[in-house]
Amino acid sequence: MNDMRVTERTVTDKQIKMKARKVQVFYGDNHAIKDVDVDIEDKTVTAFIGPSGCGKSTFLRCLNRMNDTIDVCRVEGEIDLEGEDIYDAKVDPVQLRAKVGMVFQKPNPFPKSIYDNVAYGPRIHGLARSKAELDEIVEKSLRRAAIWNEVKDRLQAPGTGLSGGQQQRLCIARAVATSPEVLLMDEPCSALDPIATAQVEELIDELRERFSVVIVTHSMQQAARVSQKTAFFHLGNLVEFGETSKIFTNPDDPRTESYITGRIG
Amino acid sequence: MPLLWIIVIVLLLGAAGFVLGRQRAVASAGGDARILHSLPNYYGTNVLILSVVPALLVMAVWLIIQPMVIESRVTGMIPEAAIEEAGSRSLVMSDVRRVADGLDTAIAAGALTPEQARGMRTELTDVRARLGEIGVALGGEVSSEVLAAAQSYRGLKRSGNLMMTVAVLALAALGLAYGYIRTNREFRARNAVEVAILAILMLASTIAILTTVGIVFSMLFETFNFFELYPWREFFFGLEWRPSFEGGSDLGLIPLLWGTLYVSVIALLVSVPIGLFAAIYMAEYAGKRMRAVAKPLLEILAGIPTIVYGLFALITVGPLLRDYFAAPLGLGSSSSSVMTAGVVMGIMLIPFVSSLSDDIINAVPQSLRDGSYGLGATQSETVRQVILPAALPGIVGAVLLAASRAIGETMIVVLGAGAAAALSLNPFEAMTTVTVKIVGQLTGDTDFSSPEALVAFALGLTLFVLTLGLNVLALYIVRKYREQYE
Chain A
20 MNDMRVTERT VTDKQIKMKA RKVQVFYGDN HAIKDVDVDI EDKTVTAFIG
70 PSGCGKSTFL RCLNRMNDTI DVCRVEGEID LEGEDIYDAK VDPVQLRAKV
120 GMVFQKPNPF PKSIYDNVAY GPRIHGLARS KAELDEIVEK SLRRAAIWNE
170 VKDRLQAPGT GLSGGQQQRL CIARAVATSP EVLLMDEPCS ALDPIATAQV
220 EELIDELRER FSVVIVTHSM QQAARVSQKT AFFHLGNLVE FGETSKIFTN
270 PDDPRTESYI TGRIG
Chain B
4 MPLLWIIVIV LLLGAAGFVL GRQRAVASAG GDARILHSLP NYYGTNVLIL
54 SVVPALLVMA VWLIIQPMVI ESRVTGMIPE AAIEEAGSRS LVMSDVRRVA
104 DGLDTAIAAG ALTPEQARGM RTELTDVRAR LGEIGVALGG EVSSEVLAAA
154 QSYRGLKRSG NLMMTVAVLA LAALGLAYGY IRTNREFRAR NAVEVAILAI
204 LMLASTIAIL TTVGIVFSML FETFNFFELY PWREFFFGLE WRPSFEGGSD
254 LGLIPLLWGT LYVSVIALLV SVPIGLFAAI YMAEYAGKRM RAVAKPLLEI
304 LAGIPTIVYG LFALITVGPL LRDYFAAPLG LGSSSSSVMT AGVVMGIMLI
354 PFVSSLSDDI INAVPQSLRD GSYGLGATQS ETVRQVILPA ALPGIVGAVL
404 LAASRAIGET MIVVLGAGAA AALSLNPFEA MTTVTVKIVG QLTGDTDFSS
454 PEALVAFALG LTLFVLTLGL NVLALYIVRK YREQYE
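Top line first, the protein sequences correspond to chains A and B. Here the first sequence stands for residues 20 to 284, where the numbers follow this note's numbering. Here the second sequence stands for residues 4 to 489, where the numbers follow this note's numbering.
With the rest of the complex left out, here is chain A:
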């Protein structure tokens, strides 16, 4: 089996959803991200790869201002969501995060029932006018996260009682339920076994039909399998960004080649 195979996909010119220009991130005195320019396309899976500590997760967390919760973190440069600067003073980070959802490395279901986990976002944003509508959103989200059949008979059971893979799909359902425009995934499979990983990867491919997905991963096979665009980060720099097929087969930068062939990491 060739894990490095790149799925042949037709890549048409798509609308650009998020645009980052000259982004700098500082953790106190530490310059963590330097001059990063990336375009996130709509209905595309973009993968961020790179060795540990290269800043890919940090950059991901800039896209929905999750870094705001860290006191010492400072972001400079410009990040646009559909032409609007998300770091503008007018923008409410809370509203932004409803539009740019996030799935984390470790499954983190709330200590609530499965239903309440998925209904959490719609409830706080007032997306449903009635109980029936909320039920519908929950069902649709769970179906979209490919977990409906497994949990439909126990929606009131605690979400923490599910298996690791199910928990992660529940978290994806929870993120999908607020109908975000972009879905950020920070190593969503690193705590999962291979079977659950395969399920989540399949799911990511399906999610591409409706959302723009950005995924941080340590597994180059995973990046090759699920993404259309790949960005390679190294020591806080964006080394190379382009079509996944090109990055994995014919990279421009020698560092990219060294990394995907396993020589630096």
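For the record, the hints were derived by calculation from the structure and aren't laboratory data. Careful, some of the hints might be misleading.
To give a feel for the contact side, a few chain A residues facing chain B, derived at Cβ under 10 Å [as the list claims (entries may be wrong)]:
id: 1; residue: Tyr46
id: 2; residue: Gly47
id: 3; residue: Cys190
id: 4; residue: Ala194
id: 5; residue: Leu254
Derived lysine-lysine pairs resembling BS3-like cross-links, with alpha carbons at most 27 Å apart [what the hints assert, rightly or not]:
id: 6; chain 1: A; residue 1: Lys118; chain 2: A; residue 2: Lys53
id: 7; chain 1: A; residue 1: Lys171; chain 2: A; residue 2: Lys150
id: 8; chain 1: A; residue 1: Lys41; chain 2: A; residue 2: Lys150
id: 9; chain 1: B; residue 1: Lys298; chain 2: A; residue 2: Lys171
id: 10; chain 1: A; residue 1: Lys125; chain 2: B; residue 2: Lys298
id: 11; chain 1: A; residue 1: Lys62; chain 2: A; residue 2: Lys38
Note that the Cβ used here is the ideal one computed from N, Cα and C, for glycine as well.
Chain B: place on chain A using the hints.
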């Protein structure tokens, strides 16, 4: 031989055992410590434990049992007539002990030789005068039976102590020898030490548990005595609390219990919201600098002695509540009130609730917060819907712990709410609690055979059962929610 010397000798034997055991182990390995099963110090420790621990344990047990044995032996020597004359057996026995101690003192002071003390007769010597000369005062004339009993008491004690010394030292030496002989290259000293440490730890926890059991039993016996003198029905369901030491008192629990619960509820109504909100602020909102200053300040409250809170209640809060609330509302004119005590007690409990809740909220994993923020929740939505439910079992535990403290608090109530038992709904009326009445019934000249004094034990037991019930409830709630939330 004095006790201290026995202990020192045993410890010296142990130290010698340590050195010998270690040496023997190293020697058995031909000087190469690497081929030993355990580190050399373990062999030494093993010998040390074997020589010290059993010897000291036997000594402790001996010290507890010996007086009992001697007492029962000596009591038999005293005729029934003498006991009836003195009133009770324990009074005679305390006389015997006094005379025996007096003789010891006299010998130590050189006024008597041991032979003289042993051969002393009431017919020939005025014992009271003789002992009086050297400063041992006796209440009454010493009868010949008491003197004889005292002499045999001394004799038994002497031989008992001698036997104990021999037994303890022999055991220490035996232990040392046994440990020393067992020491060789193959011996698993490390595991043996492990077992010994386990035994010591178990002993410590057993002592803690047995002490609790002992406290309960001592209260239980006195409570039984109380219920023999006073009908339990009137105690538990009596609506009046009017003790009078001339007899014929009403000792109803209800007014005291009502006061206790009323004060505690007010205290919790004050402390739980304030403490919890303070904890949420500290854990979720406050910056590092703010927390570094505010948290210790808040915890200073916990260090204030309750009597100081009581003064605060008496001088400041009481008059304030009376002048601005009770008097204008026409609810009373007393500065001692349930409200005063409750509010001040609530202030006392704030750091209790906040400090525990703060730890619990901090223990909620960051990933849950991230998950909630990642969905576009605000900070307070996250706190309300994710963090508090996750921290709920711990918070309930903190609240019930605070409730236990409120129920057991005495000083603030004495100074803030007064000491008059009353059964009233008015929060501005003076009331009192169970603990205050326990103190009240036992201070001053008390006769421990009257129901007025013994009722304190029944009250104490009731309080114990109440707080035990609260703790059990807390455990139940914590368990129940933990199933749901982890």
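Tested hints:
For the restraint placing A/Tyr46 at the interface with chain B, the shortest Cβ-Cβ distance is roughly 15 Å, beyond the 10 Å limit, so the hint is violated. Because the smallest distance between the Cβ of A/Gly47 and any Cβ of chain B comes to about 13 Å, over 10 Å, the interface hint for this residue is violated. Taking 10 Å as the C-beta cut-off, the interface hint given for A/Cys190 holds, the closest approach to chain B being about 7 Å. Taking 10 Å as the C-beta contact cut-off toward chain B, the hint placing A/Ala194 at the interface holds, the least distance being around 7 Å.
Among the interface hints, the one on A/Leu254 is violated; its C-beta lies about 25 Å from the nearest C-beta in chain B, farther than the 10 Å criterion. Distance hint between A/Lys118 and A/Lys53 is fulfilled; the C-alpha atoms sit about 26 Å from each other, no more than 27 Å. A threshold of 27 Å between alpha carbons decides the hint, and for A/Lys171 with A/Lys150 the separation of about 17 Å falls inside it, so the pair holds. Distance restraint check for A/Lys41 and A/Lys150: the Cα-Cα separation of roughly 45 Å exceeds the 27 Å cut-off, and the hinted pair is therefore not satisfied.
A distance of roughly 46 Å separates the Cα atoms of B/Lys298 and A/Lys171; the hinted pair therefore is violated under the 27 Å criterion. Taking the CA atoms of A/Lys125 and B/Lys298, the gap is about 32 Å. The hint is violated against a cut of 27 Å. About 15 Å separates the Cα atoms of A/Lys62 and A/Lys38, which keeps this hinted pair within 27 Å; it holds.
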